[in-house]
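Enquirer: Order-wise, the sequence lines are chains A, B and C. When the letters of the first sequence are read in order and numbered with the numbering used here, they come out as residues 1 to 250. When the letters of the second sequence are read in order and numbered with the numbering used here, they come out as residues 1 to 178. When the letters of the third sequence are read in order and numbered with the numbering used here, they come out as residues 1 to 353.
These are computed hints drawn from the structure, not numbers from a lab. The beta-carbon is built from N, C-alpha and C at its ideal position, and this holds for glycine as well. It is possible that part of the hints are untrue.
Coverage of chain A stretches by chain C, computed from C-beta distances (three or more under 8 Å per stretch; other residues unrestricted) [stated by the list, open to error]: (1) 35-43; (2) 62-68; (3) 74-88; (4) 101-109.
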Amino acid sequence: MQKVFGYPRALTSKRTHYCPGCTHGIVHRLVAEAIDDLGIQEQTIGIAPVGCAVLAYEYFDVDFQEAAHGRAPAVATGIKRVHPDAVVFSYQGDGDLASIGTAEIVHAAARGENITVIFINNTVYGMTGGQMAPTTLPGQKTTTSPYGRDTTKVGFPIRVSEMLATLDGPSYIERVSVHDPKHIIKAGRAIRKAFEMQIAGKGFSLVEVLSTCPTNWGLTPIKALERLKEQMIPYYPLGVFRSPEEVAEE
Amino acid sequence: MTYEIICAGFGGQGVMLIGELLAYGGMLEGKNVTWFPSYGPEMRGGTANCSVVISDQPVGSPIVSEPDGLIAMNGPSLEKFKATVKPGGAIVYNASMIETASEMPGLKMLPVPSNEIASELGNNKVANMVALGAFIGLTKVITLSSAVKALEHVLPARHHKLIPLNVAALEKGLALVK
Amino acid sequence: MERVMMKGNEALAEGAIRAGCRFFFGYPITPQNEIPEYMARRMPEVNGVFLQAESEVSAINMIYGAGGAGGRALTSSSSPGISLKQEGISYLAGAQVPCVIVNVARGGPGLGGLGPSQSDYFQATKGGGHGDYHLIVYAPGTAQEMVDLIGLAFDKAEEYRNPVMILSDAIMGQMMEPVVLPEMREVTADQPWATTGKKGRAKPNVINSLGIVGEDLERINIELQEKYKKIVDNEIRYEADGIDDADLIVVAYGTTSRVARSALNMLRAEGKKVGLLRPITLWPFPKPILSELAAEGKRFLVVEMSVGQLVEDVILAVNDRAKVDFFGKLNGSVPTVREVYNEINALLQKGGA
Numbered sequence: 001m002q003k004v005f006g007y008p009r010a011l012t013s014k015r016t017h018y019c020p021g022c023t024h025g026i027v028h029r030l031v032a033e034a035i036d037d038l039g040i041q042e043q044t045i046g047i048a049p050v051g052c053a054v055l056a057y058e059y060f061d062v063d064f065q066e067a068a069h070g071r072a073p074a075v076a077t078g079i080k081r082v083h084p085d086a087v088v089f090s091y092q093g094d095g096d097l098a099s100i101g102t103a104e105i106v107h108a109a110a111r112g113e114n115i116t117v118i119f120i121n122n123t124v125y126g127m128t129g130g131q132m133a134p135t136t137l138p139g140q141k142t143t144t145s146p147y148g149r150d151t152t153k154v155g156f157p158i159r160v161s162e163m164l165a166t167l168d169g170p171s172y173i174e175r176v177s178v179h180d181p182k183h184i185i186k187a188g189r190a191i192r193k194a195f196e197m198q199i200a201g202k203g204f205s206l207v208e209v210l211s212t213c214p215t216n217w218g219l220t221p222i223k224a225l226e227r228l229k230e231q232m233i234p235y236y237p238l239g240v241f242r243s244p245e246e247v248a249e250e
Numbered sequence: 001m002t003y004e005i006i007c008a009g010f011g012g013q014g015v016m017l018i019g020e021l022l023a024y025g026g027m028l029e030g031k032n033v034t035w036f037p038s039y040g041p042e043m044r045g046g047t048a049n050c051s052v053v054i055s056d057q058p059v060g061s062p063i064v065s066e067p068d069g070l071i072a073m074n075g076p077s078l079e080k081f082k083a084t085v086k087p088g089g090a091i092v093y094n095a096s097m098i099e100t101a102s103e104m105p106g107l108k109m110l111p112v113p114s115n116e117i118a119s120e121l122g123n124n125k126v127a128n129m130v131a132l133g134a135f136i137g138l139t140k141v142i143t144l145s146s147a148v149k150a151l152e153h154v155l156p157a158r159h160h161k162l163i164p165l166n167v168a169a170l171e172k173g174l175a176l177v178k
Numbered sequence: 001m002e003r004v005m006m007k008g009n010e011a012l013a014e015g016a017i018r019a020g021c022r023f024f025f026g027y028p029i030t031p032q033n034e035i036p037e038y039m040a041r042r043m044p045e046v047n048g049v050f051l052q053a054e055s056e057v058s059a060i061n062m063i064y065g066a067g068g069a070g071g072r073a074l075t076s077s078s079s080p081g082i083s084l085k086q087e088g089i090s091y092l093a094g095a096q097v098p099c100v101i102v103n104v105a106r107g108g109p110g111l112g113g114l115g116p117s118q119s120d121y122f123q124a125t126k127g128g129g130h131g132d133y134h135l136i137v138y139a140p141g142t143a144q145e146m147v148d149l150i151g152l153a154f155d156k157a158e159e160y161r162n163p164v165m166i167l168s169d170a171i172m173g174q175m176m177e178p179v180v181l182p183e184m185r186e187v188t189a190d191q192p193w194a195t196t197g198k199k200g201r202a203k204p205n206v207i208n209s210l211g212i213v214g215e216d217l218e219r220i221n222i223e224l225q226e227k228y229k230k231i232v233d234n235e236i237r238y239e240a241d242g243i244d245d246a247d248l249i250v251v252a253y254g255t256t257s258r259v260a261r262s263a264l265n266m267l268r269a270e271g272k273k274v275g276l277l278r279p280i281t282l283w284p285f286p287k288p289i290l291s292e293l294a295a296e297g298k299r300f301l302v303v304e305m306s307v308g309q310l311v312e313d314v315i316l317a318v319n320d321r322a323k324v325d326f327f328g329k330l331n332g333s334v335p336t337v338r339e340v341y342n343e344i345n346a347l348l349q350k351g352g353a
């Protein structure tokens with residue numbers, strides 16, 4: 001009988017600590033499948049962030065370094081410069097990447113550092129208990145914006161993909177979503193493409209994955225997926241912001 | 001024996017370079033040496049100086065505060081350091097920029113018209129070498145040939161074509177003592 | 001052996017290259033700029049990496065990546081920049097990543113000045129970042145020691161899987177002195193624990209300082225403390241000069257040890273019984289020798305460019321068995337030979353404890 005579905009080799013069998021309905025598990029699987037498909041498990045090195053994915057090194061069956069909060073792109077840079085032939089990726093949330101780590105992500109992108117960044121945008125700090133993130137939507141209630149994010153006082157969300165796409169360094173930037181199977185398949189393709197860019201030596205690639213946090217949003221998993229689709233995507237439009245074709249033309 | 005030197009002048013007069021030549025020359029003669037620059041707010045326009053120590057023993061402090069010898073390329077430098085020179089010590093000063101200098105009892109003082117001599121050689125910039133030549137002649141702290149050899153090490157390769165001019169300036173300075 | 005004149009900062013940089021360092025990450029700050037500038041010129045010649053990071057914070061985290069990946073990695077900075085690196089240094093210590101960090105110290109606190117200072121002694125030897133950890137800290141006293149100790153630093157960093165700091169200052173960095181350079185060493189980045197990609201290994205290598213589950217953190221700390229004990233037992237270095245018949249011993253490192261040496265030479269020429277004890281490792285601190293000398297009835301004078309940091313370790317080492325005096329200079333100011341000479345003379349005239 002032909003095997004049509006299996007467990008990715010690049011994941012360990014360890015059960016994750018993620019909450020029910022959290023989409024980290026889906027994204028982990030997509031990353032692992034890309035690693036399997038490309039046959040790069042033995043040469044891949046990951047960097048875990050500070051945030052919910054801090055224990056990512058327990059779940060991926062590849063070499064890993066756990067970074068300080070926001071510093072994953074700098075750590076990835078150090079690793080990549082030592083092992084240019086390795087495939088190096090960081091896995092970062094929105095607090096880690098878009099708040100405390102803005103300097104590191106902007107400059108890694110500007111350098112065209114030949115690494116891949118998986119960026120999880122769920123509009124909230126998950127691990128610390130639901131505080132306001134740089135990506136929190138206007139009006140969104142969090143534990144540190146209990147009356148809703150007031151843009152007159154705390155400003156506006158950062159659209160990371162659009163911002164980084166203004167730089168010359170990146171080779172590939174795409175925003176994807178995991179709110180339904182069709183989009184999950186698309187997200188998987190984007191992640192794979194990002195790794196392919198790195199393997200081809202094209203430079204910095206980033207996939208922003210719109211994700212859910214049912215626990216801190218106070219929603220059921222299904223309602224959370226609906227919120228992602230109806231409220232996040234209009235603010236964070238899906239699409240390719242920097243493409244390989246563009247790079248090839250330059 | 002330990003011999004301590006301060007080379008001082010305006011920024012741009014090449015006092016750091018003659019200090020380096022003294023240190024490098026000392027090293028080529030098998031001595032322990034240090035060279036230490038004094039920069040800071042005086043780096044541009046004001047006075048600049050460096051400390052050089054040449055010794056048979058391991059060198060302690062690289063910062064010279066009571067020198068055996070002083071090369072002063074301008075008035076403010078002479079004023080600042082002349083009273084710090086040890087009894088029996090030597091001062092070479094640039095007479096082209098310092099009209100009169102009061103005698104310091106117990107010190108050998110040698111006025112050197114460095115800029116005039118350098119101009120006669122066709123390049124005002126080697127005034128520092130004239131003063132260094134005179135200082136070597138007066139103190140014998142290193143030999144002329146060590147200073148000449150040091151030039152090859154200290155000057156960047158692109159300036160090596162200027163070595164004959166620098167050597168001529170050193171010799172002119174040295175001749176003032178004989 | 002050919003001697004060449006080199007600035008302390010450049011001697012250190014070339015020494016690192018000769019010791020197989022091929023990865024430098026840094027950020028400009030005075031008075032250490034000769035080091036990154038030298039590396040920017042030199043690294044391409046040896047197929048090494050020089051990268052000017054976007055901040056001190058990024059630079060130390062690049063070191064965490066490169067060191068964790070098994071490369072011989074170096075960063076240098078000066079006091080305010082070293083403060084910025086402290087979070088990263090704590091992670092390096094916790095995750096046991098070998099690397100070398102150079103502090104060409106200047107005066108503080110805050111933005112401070114550009115002059116030489118020894119007021120980062122506490123920061124270097126007693127943590128600096130969070131948690132119970134230690135760096136091995138070397139204090140070079142000559143340009144030659146810049147070369148020798150940076151080579152040793154890389155070896156010890158790898159031997160113990162521990163970050164090592166070289167604590168220098170503006171004078172040690174700017175001073176030119178003859179050095180003999182060692183032969184170039186070839187070193188490969190293939191440590192068995194490093195992140196290289198699994199390359200057929202059964203288990204992934206993980207570089208990590210997180211101990212969030214159960215007793216993990218206690219286990220990590222016990223392991224670290226066992227390692228530190230080994231370092232204390234085996235790695236203390238110091239120079240003793242004329243201490244056997246000395247009544248008074250000056251304790252000083254780096255720049256002030258040189259000033260003290262000049263003063264001591266003058267005093268010994270006058271027949272005074274004085275000596276020098278120069279710690280070369282500031283951590284582990286040469287406690288046993290000081291303890292021994294205290295038991296023999298010596299007295300001590302600590303000379304520092306700070307308001308009194310090294311002196312605390314000397315007091316702890318002699319543990320009330322000897323008199324410890326202190327002569328310090330505030331940030332940016334260097335004691336003159338004459339001042340130290342006068343200070344020692346005054347103490348000798350005052351007599352015993």
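Enquirer: For the region 62-68 of chain A, do at least 3 residues have a Cβ located nearer than 8 Å to some Cβ of chain C?
Expert: holds (count 7)
Enquirer: In terms of beta carbon proximity below 8 Å, does the region 101-109 of chain A have 3 or more residues touching chain C?
Expert: holds (count 4)
Enquirer: Verify this for me: three or more residues of the region 74-88 of chain A with a beta carbon less than 8 Å from a beta carbon of chain C.
Expert: holds (count 12)
Enquirer: Against chain C, does the region 35-43 of chain A show at least 3 residues with beta-carbon separation below 8 Å?
Expert: With 3 residues close enough to chain C, the hint holds.
The earlier numbered hints are all upheld by this structure, with none contradicted.
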